[in-house]
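Just so you know, the sequence shown maps onto residues 3 to 421 in our numbering.
Treat the hints as calculated values from the structure; they're not laboratory data.
From a predicted model like this one, the values you see are computed outputs, not experimental measurements.
In silico EDC-like links for lysine to aspartate or glutamate, alpha-carbon gap of 16 Å or less:
{"#": "1", "residue 1": "K181", "residue 2": "D159"}
{"#": "2", "residue 1": "K223", "residue 2": "E244"}
{"#": "3", "residue 1": "K177", "residue 2": "E201"}
{"#": "4", "residue 1": "K191", "residue 2": "E234"}
{"#": "5", "residue 1": "K220", "residue 2": "D279"}
{"#": "6", "residue 1": "K203", "residue 2": "E244"}
{"#": "7", "residue 1": "K229", "residue 2": "E248"}
{"#": "8", "residue 1": "K411", "residue 2": "E378"}
Label-pair ranges, simulated between beta-carbon atoms:
{"#": "9", "residue 1": "R284", "residue 2": "F421", "range": "35 to 41 Å"}
{"#": "10", "residue 1": "K414", "residue 2": "Q71", "range": "46 to 52 Å"}
{"#": "11", "residue 1": "S389", "residue 2": "L39", "range": "29 to 35 Å"}
Just so you know, even glycine gets a beta-carbon here, dropped at the ideal spot from N, CA and C.
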Amino acid sequence: MKKTILVILLISLSMFSLSIPRYIGKEDVYIEFEGLLGFFDGIPITENRISGLDFEDGAHSLRLVGSYQEFLFKIIVDTVPPTLVNFSIRDPNLVIFKIPVYEVDYNSRLNFFERKLEKTVKRYDVDSMVVCGMDDAGNVGNFIYIPPSVENITPLDSKTPISGIFDKNILLSSKSPYKIVGKILVPEKSVLLLEKNVELKTIGVGNIVVKGTVYVPKNVKFTGNLKFEVEENGTFYLEGREYKGEVSSNGGKLVFLKDINLPILNLSKTNLVVIKDSTVDRLNVEHVGLLVLENSTITNLNIANTRKVIINKLNNNTFMAEGLTNMDIFSLSSQSFNASDFSRVVMTHSNIEMLSLKRGTYFHGKGNIVVNLNMEMYSIAKIFNTSIKKIELIRSKVFKRLSNIENTKSDKFSSIENF
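From just these sequences and the hints, can you work out the full model?
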């Protein structure tokens, strides 16, 4: 009889282990424990749901209690994005990953993180590759660009101005300078790679229209007035503060900008936009599939109708987001943050002077410091371990736990409740 009971308990424990996560991040986790009571750090679990945004990062206990049995699990809450992506490129066509990464699918506007890459992977012949780190809790960070292979590539001659790109070409520093006159088209399925220390001389106003793949590394010298426009299925990479011209998109699959310093960027209808280690005075983004901002300063930021926004460490003066924009924010410092029109905001470890949520916006935050919070028109905020100096509510609700609110002003249709 004792052996039978032991076997049943082991089978039950095994079944529960299969459905109990080891790590919990920012997304809600649903746990099936029918017929049992669930407690997370002694707090009853409602609707079989646990969110890492409602608890401190670190180790926690999950206890499932039944009439004749009890199970105890250790769960790690982790809401901090990873920072390590370790790899090396071996020409002509290989990339070697020291730790697993996830490829970011910029051909899609729905599922961006589907393919896990390990060890040695062959680089694409025409398309570029974007990868990022993803930890066990589902946090993503440190987005990296990997250019196409240099197999079957043809160096361009610099004796005559560049007239167009129709194959897979490279500009060599040994043949510099290269001259650009007027508009140059890089069509779909064509590739233009620049070597470091290449010099581009523009006669008059130059314009490179990117419908294929263009790769501009750091330490490229620009002389004259040159601008890049990304369209249709174009993929564009630019690195380095040497470039002082214009970058814009009206379509395109990828715009990846690293270590740039530009006054204004207008980006629209691009599947994936990544800006990291950069300084931008004004960034306007609309109808983008995925926008990633990492380790940057963007003074004025305007986002509209963007499916997904990931922010990992950003300094900002004014932040405007509207139109069903979904944001995952870690470590934002902003003087004014405004979200409206059914946008969704997940924010952790940030400092905001003026936080405004309007017209059906949902906010879920943890570990934030807010000076003033204004909420209007059916907005909802759920906050944990957050400090707010002053809050004003109009037809809105706040749910709080382990949070401090110094001053409150609200109408009769609003409420502040503990959860």
